[in-house]
Amino acid sequence: MVLTIRGLTRTFPGQGRTAPTLALQPTDLDVAPGEFVSILGPSGCGKSTLLRIVAGLDRPSGGTVTLGGRQVTGPGPDRGMVFQSYTLFPWLTVRQNIEFGLRERKLPEAQIREISEKFIARTGLRGFENHWPRQLSGGMQQRTALARALANDPEILLLDEPFGALDHQTRELMQELLLEVWGADSPEARKTVLFVTHDIDEAIFLANRVLVMSARPGRVKAEVPVPLPYPRDWTVKTSPVFAELKARLMAEIREEVRKAAIG
Amino acid sequence: MEPLKPVSAGARVVLGIGFFVLFIGLWAAVTYGGVVQPLFLASPGAALAAGISLFTEYNFLGDIGMTVWRVLGGFVLAAVIAVPLGLMMGAYKGVEAFFEPFISFARYLPASAFIPLLILWAGVGEAQKLSVIFLGSVFQIVIMVAVIAGATRVDLVEAAYTLGARSRGILRRVIIPSAAPQVMEALRLVLGWAWTYVIVAELIGAQSGIGHMIMDSQRLLDTGQMIFGIVVIGIIGLVTDFLFKALNRRLFRWAAL
Ligand SMILES: Nc1ncnc2c1ncn2[C@@H]1O[C@H](COP(=O)(O)OP(=O)(O)OP(=O)(O)O)[C@@H](O)[C@H]1O
Ligand SMILES: [Mg+2]
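Top line first, the protein sequences correspond to chains A and B. The numbering of the first sequence is numbering that gives the first Met the number 0, which starts it at 0 and goes up by one. The numbering of the second sequence is numbering that gives the first Met the number 0, which starts it at 0 and goes up by one.
There could be a bad hint or two in this list.
[Said to hold, decoys possible] With the Cβ distance kept under 7 Å, some of the chain B side facing chain A (calculated, not the full set):
| hint | residue |
| --- | --- |
| 1 | Tyr91 |
| 2 | Gly93 |
| 3 | Asp154 |
| 4 | Gly168 |
| 5 | Trp253 |
| 6 | Ala255 |
Everything labelled a hint here was simulated from the structure, so no lab data went into it. Here the structure is a predicted model, which is why all the values come from computation and not from measurement. Note that CB positions come from ideal geometry on N, CA and C, so glycine has one too.
Next up, chain B with everything else stripped away, as it sits in the complex (with noise of 0.2 Å):
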């Protein structure tokens, strides 16, 4: 093996699921010859049985799309806010000077310490599920979009002056095409985040979700459904990123090439 060069295509495939192959051997291994009781550990054909049951027996369909609905409601929410406001504090240092300290701070603020304080004011209802993922997010997407636009490249921006461009033109053609691929970028990594806010948000008052069904089966001890519920929503995460990711190939050509 040689630092930074790159392998083929083919090697690539086989070394990533080669780990998932291992991660899963070595759990079949210590359920199945155990060395843990199945009580704390459900071995891969229990939790993959009580995954078909949840599906058949236990509408589980239902809870997944309702946690889905959530995480995106709520970020789409925050970032239908956060990405304008972002991108005016990285054009305006006026604005940013405005806004940055209390953002600063206000993102340090944990999204789920809130989530008490959220239920008293909005009941256990899909408002306060939302709120928690919007106030999650909308912190960490504009103060990452305010540095990705205050970061445009200054040779561009005057290059654009030259040509006839005022203070709205730079923003609009320079400063928001220029940040956009990043500005994705970020959005991919806070949906991320989203994803673990909501379980906490569902794993108190809630009566469906992918986080309602964990805290479920822990009251019945059946670790066999827990850990089918967080695969499942590990799957669901490395999906969207995946479409993320192709969405920006397609949408930023330019910068891929």
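One chain only, chain A, in its complex shape (with noise of 0.2 Å):
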């Protein structure tokens, strides 16, 4: 296992009078080097605090993240996020950008140029390396953050709602595109990631393990694999396949999502 969290809770201090949160039961999940794991959950149910814990970004209030042997304790270019924000830094081209975590560890000139081409490349941005984020738009903002994180070769891949603030036709592209990315390493090579999203199809379509979350506070409660081969394209949405699991996923999020608007 690469991943290993075990027993994982976190609770937000009340502020005055307002009670504490509980944004995360106990909660306990493995993940295998090179998976593509989804995590489906209605909004509020601690989706991104899960990753954002990982990310080292936020401290557990109990229990334990091991990421390839060593347990998290604080952010580290070995976990690679991306946001569902735009978060591209907008006083640098986006090749600066993707190169961001390549100064950081001071790596010589030309190899830098040499992998930053590599991900200018991969994830179609060619053309666009002198533009400055605010050029961009939204889908070119967030494959900028993605060849980002990927240029850091980082062990895992947390992927926070990338595509959230995309246009339905984008998402779909870029959903494409993620796959591309992720597949052109031999299977043995690909970056493992954990995937957050709160449509159906989408989980689907990228992973090859779906894990349903409930309202909050949240927990793991359903687990579902996704047993369609790579490469996918976008005709797999329409196989009977993807349709039987859409129907279970929906079965499955459609009580969560209740129980969350009516708390």
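Fit the two chains together into the complex; they arrive one by one in their own frames, and the hints show the way.
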């Protein structure tokens, strides 16, 4: 297992007269190297909290996260993250954004260039290398953010609704691009991915395993393997296996969304 | 007119110049029309004539140079100390907790009220003039820069952490570049205030400078010279402001796009 989560909980302390929020119930999770895991759940169930703890950006109230045998105690370049909000550095060009982590590691200039070139090509950003983030569409910004995370060669990729702010068509293109970039490596060399979403189609299309989280306080309430072979393209979304998985996940999630909405 | 609706570039220029014309026209009307005594307010023509004689007979250019050097000297000194301190305060909450209460207090101390004390300490030489500008600017800059740096987008800081940056990298590669354009704006603002301090400093105990010239003119009841001096200060302020803005646009193209 590359990622092991044991008894992870998170309680946000209340402020003033508000009661503390239990965001995560004790959660266990094991992820094998090269696995693409989607985490599906209603709004507010603690998906971001879970991912932020794995990233080291938030501390758990209890439990442990172990990555590659080492316990996670803070953020680090071994866990690349793409956020739902646009987080490119606005003062850096596309290329400089992609090279941010490499510069931090003080790699030789030639190597930095070579790596950024590779990911500019893979994410289809050729011709936009010298643009500033403000000049890019949302889809292109997220592609740059993905390239920036991948350029660092992390052990695991943490994606928190990276396409959540995009329109439907762009979103579908981005899903295919993500699978392409991810699948460009040989099956043994593929990155381990945790992908948070509340879009059922997206969760199935991308992952080889979908986790369904309960309404807050979140826990993993169901686990559904996706037996569709890679490489996948958009046509799998119309296959019977896909429809069956979708029906099953919908049943699981509807109940939770209802609970989340009613409270 | 509609709220917030932009006007064309041409209309902006015409309107902007229009007010100056109106202003000078009104000034001409009250002076040439005899509404105000020349003793109290010189006419535009008299002010201009006084200005020309200032340059040709009284080495006014030397005064201007002196004043500009004092403003820039005191201001640069203040910025060199205040910007790094402000950045550290904005970035590190411990540093902020240490300095913030004192600086918040110090920035309400009026720089001009220190002039008598500074004369006692530093005499009436350049050191005293520079200190007035310095004291008037340094605390303002610190506080403004600290607020700007403290408001750095948390999501950008977090993104940098996930890319492997540590404390120093966050400061150098996220907080400073993200704060830079606003820091320059703050400096532009404070430089404007510095101009008002220098004149006050020169009104008291100076042998040169625009303020000193204005003081001298009062003794001679030459309102033309006084007005001309004030206008020159305004023009220099406008020019430095313009240069600052142009520099910022060049330096921070990413922010302006
Ligand atoms: N910093 C915080 N302080 C207090 N409460 C928080 C904080 N961050 C999250 N929470 C609470 O924890 C719960 C889970 O939040 P989280 O952001 O993990 O949900 P999510 O599943 O990512 O939701 P969404 O799909 O809307 O992004 C929410 O009820 C939220 O209000
Ligand atoms: Mg979230």
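Earlier hints that do not hold, by number
Structure breaks hints 1, 2, 6.
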